[in-house]
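Participant: Line by line, the protein sequences are chains R and S. The numbering used here puts the first residue of the first sequence at 54, with every later residue one more than the last. The numbering used here puts the first residue of the second sequence at 165, with every later residue one more than the last.
Among the hints, erroneous ones may be present.
[As the list claims (entries may be wrong)] A few chain R residues facing chain S, derived, Cβ under 10 Å: (1) F99; (2) F194; (3) F207; (4) T208; (5) A349.
[What the hints assert, rightly or not] Derived pair list, reagent style SDA-like, types lysine to any residue, alpha-carbon separation capped at 25 Å: (6) R:K241 to S:A327; (7) R:K145 to R:F327; (8) R:K241 to R:A328; (9) R:K241 to S:A182; (10) R:K241 to S:F190; (11) R:K241 to S:T402; (12) R:K145 to R:P237; (13) R:K145 to R:L160.
Honestly, the hints are just simulated from the structure, not real lab data. Think of the CB as a built atom: it goes at the ideal place given N, C-alpha and C, for glycine as much as any other residue.
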Amino acid sequence: VTSKEVVRESGSVLPDEAGPARSRRFARAGARQEGTWWAQLREIVFVTPVTLLVALVILIPTVTVVVFSFTAWNPGFESPFVGADNYVQLAKSSAFLQILRNQAFFLATVLPLGVLAPLVLAVLLHERVPFPGAFRTIYFFPAVVSPAVIGILFTFLLTPDGPLDATLEALGLGSWTRLWLVDPVWVKPVVTLIFLWGSIGVGVVIFGAGLSAIPPELLELAELDGPSWWQRFFRVILPALSHLVVLWVVILLISTFVAMFPWIFTTTRGGPGFASTTLDFDIYRNSLRFGFFGLAAAEVVYLLIIIGVIVGLGARTFRSRGVARS
Amino acid sequence: MIGRWRWSPLRITILVLATIPFLYPFWILITTALKPLREFQASPISWPDQPTLDNLTSAWREAELGRALVNSLIAVTVGVVATAMISSAAAFWFVRHRGRLATVLRIAIIGTMALPPPIFVIPLFVLLADLRTTDNLIVLGLVYAAWNCGFGLYLMYSYMRGAIPPEVLEAAEVDGASAFRQFRRLVLPLSGPALATLSALVFVWSWSDLLLAVVLIQDPTRRTLVPATALLADRYLTDVPAQAAGVVIALVPMLLVFMIGQRYLRRGIMAGIGK
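Extracted from the complex, chain S is given alone in its bound form (with noise of 0.2 Å):
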């Protein structure tokens, strides 16, 4: 903040003009939701005569979507929980043994970060099809997981690095501490800030993720959210009222996450580029 610069109306101008297109979109959203479809029709942009939830339950009923959205809970929650505890075990171990090999290794598995879903989901589904296992939402939970170890072992690496200081581990190694024991008594205890930014991140990534629901899961009920509210909007392709509907169902979980974790998501953005 620069205290010597006046406030300029140009600049407030221009900000304010620019909030239009991102708030615009969310209020034709939940007018639309609210109102009948005929009502829809003959006028498009108004707020509603009388709001009728009827638009919200049908989707939630009809369209399954209550369902998928405890599907998608299941798969992200093993998304989130495997790749916290995955990717901590192994940074602890990486800043345990700096060898060679171990070096080679850290970087393979950080480098997956550059081989992104479109590469790898075909051939995995060709090989989970291979092995009876598609349609499984604790195997979508650990596809999630395996796809965020990457960038959950940069992250946590670079914390631990930087954040537990090693006299501590020193210490607890002469006072004959097993690794085991170092690692759910201190490094885990001191690597709470990074655990819940890695947390926030993985859950809004795997919650948003299309493709690899898509291609993974084709059983309609074992559909996850988004998914299903696009299959929604196919099914329902001139009813756009029961398509923002399904809309405002999704946008809920991730507007909740998004309260409670926005300076979790901040932090990690911030840690994914070195600051």
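The shape of chain R in the complex, shown without the other chains (with noise of 0.2 Å):
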């Protein structure tokens, strides 16, 4: 994740619509100022271009490739109606299995390192530390950096006699070196750090924001009854950050998912053979590279789905949290 998937998928789950009741007032108060109706029709033009833009670039394109996702999808050419044949013809190769299992990996190693790297460092930083904006620059700064540019830095850092090997054996651990992103068995874990070690700095800001936001009563007196640093992590402060825990968990759900292009395009290309290919990858390489164009609308389509299931999780446990706390 780097900081824009958080922005982005959080306005999803928390819709905005706590504005005060003041403001109500202006609004009819504008509708029916205004006056004529063409001075309400001038004001069109203050929504018209954010709604053709959205159209054009985002929603039309979204629903082509829904429709032509039923299609032997060519390009420019004729492109016949082939009903669910394309779904089928994912479901029974072999490549889209691996593929659904990588993502199975991402899912399972990303989720629980990618919330308890972040919760335990902004933790400690709210914990009384020198320097602490020091640090927190430091976990920041590579969630500003594009992941295709950490992905190439990775790719040169892991090279088969690269620096990492060369720091390992400097270490004595030479033993301990291995074909990081060529070895099948050790691709999608290193995978998995280089887009942690992209995202985490996110999840520092967002947790540090709500720790601060907790009265420093309640974890003195936590700390007053005694409990261990564990205890206190997990019954006090977890409990205090449940809320930005699962908006997290949904960002970093839906990131493994559809932010994966830029790092596999950088370091893996999708290989050894579908090894670490992920389902935003394959829908570029299917449709660009192979000309498949049916197979990736398909994709999409199943992208689109998990998407909305993600989502609707997330806002539905958002909203039994938030009635539960209140």
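Using the supplied hints, reconstruct the complex from the two chains, each of which is provided in its own coordinate frame.
Facilitator: Right under this line is the structure:
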């Protein structure tokens, strides 16, 4: 996750409806007073650009892709209707099953590590340490760097006999060297770690903000009670941050499906074989590399369904927690 | 900050250890970019014997990262300016109009945040190819704007409702100021902080983009910086110092934005999570 997915996804999880009633008065006044229908009509230019742009760039293409997923899509030529053929072909292909397994792996590794690491760092930073700002800057900076650039950086760090291997040798850990991005066993964990490297800074910022909102007395009380650090972490801090944890989980979940492209494109190109191919990378490869636009369209539909389920579950958890808390 | 809790050497040690994986890659990056290939092959992790800028100058000239940087600036500037203008104008309209239709439209636009580029990039490419508007940096910038408008509207709308007192707008309305005049004279000047946050975020996101740029721009002379760097890494597969130089050049603008806008970026994340 870069900071992008955060704000992006959180928007849909947290619809903004909390505005004060006072401005409602103005809304009515604005609609009434502006007077002539002509003035009202002229005002439409305020929303025309956004509507056109979003319709042309996002909505129409999304509808197109759903429709064409039921055809042998061949841009520029006739695309005959083929029913569910693309979906059946995907379900039968071993490559697609491998991709789903990869996605499951990324989910299972990114989620626990991606939640726990920034939480622990944020809590440690929130306690009394020197130069918290410097630490925060160091953890946060990678989140601002393009995932693709991070991918290139790690690709050369991890080349065989490259800097990481040399560092391990220098530390007397020569037997730990691996073909990090080539060995089918190691490639997925390594991609997970690179992804986390570029993502947890955002988590630290989010949880840091959440921690500052907890009344300090609560934490002090918990400490006076004398449970261990971990008990305090799980009994006091985690429940107090639960809404942010749910939000962050949703962000990470969605990112492992829709934000993997730049990481995969720059580190492994999905290889070796299909060992590290993700759904979003395969959409790109199927369509623009191999010309199987219909298959790619069906994969997009799967992706849409997955996003829908995650956002739906997230919103629901969020709402029920929200009610329980208040 | 909790006054009672003692400084604990353990906590500080963990925090310091956690910085190593973050600092180490940058250290290697800099040392690698500054040494000749032969020296890198002999000793990949040492500080260069005689630091040289050759890798950087050749990446700049031969791999044409200089031109790619200019291309990125064009596309990203269009994206940032268009997002800021379009979403603040729309947010103002939605502040004035709260009918059912307007609400549906607002939620639909904000809802496009759930449709990320992997969903729409392929059909968009087909559409733009039909219109012969691929390989166009202005179009790429507008695509960045469309992609960010959902968030832009969300941010600007929440901000305007919270930070601009309706009484001020009402007074302007009574004085006979048109919507356009109110927007220019009151709303835009009062929305400064939100616009700064939005611009910083949109800059970082668009600048970092690989997928849209790789798909929508295929003419090598129009390539933006991130894809150009990624393809440089392909071309100089074994010349690691050349790759490192490319990464350094791609990093510098992000570092600058980070130093100038860190505060806004953090604030943007907070705004995004509803704080």
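Participant: Work down the list of hints and note, for each, if the structure agrees.
Facilitator: Hint check:
no.	hint	verdict
1	F99	holds (4 Å)
2	F194	holds (6 Å)
3	F207	holds (7 Å)
4	T208	holds (7 Å)
5	A349	holds (6 Å)
6	R:K241 to S:A327	violated (46 Å)
7	R:K145 to R:F327	holds (15 Å)
8	R:K241 to R:A328	holds (7 Å)
9	R:K241 to S:A182	holds (22 Å)
10	R:K241 to S:F190	holds (23 Å)
11	R:K241 to S:T402	holds (23 Å)
12	R:K145 to R:P237	holds (22 Å)
13	R:K145 to R:L160	holds (23 Å)
Checked against the numbered hints above, the structure breaks only hint 6 and satisfies the rest.
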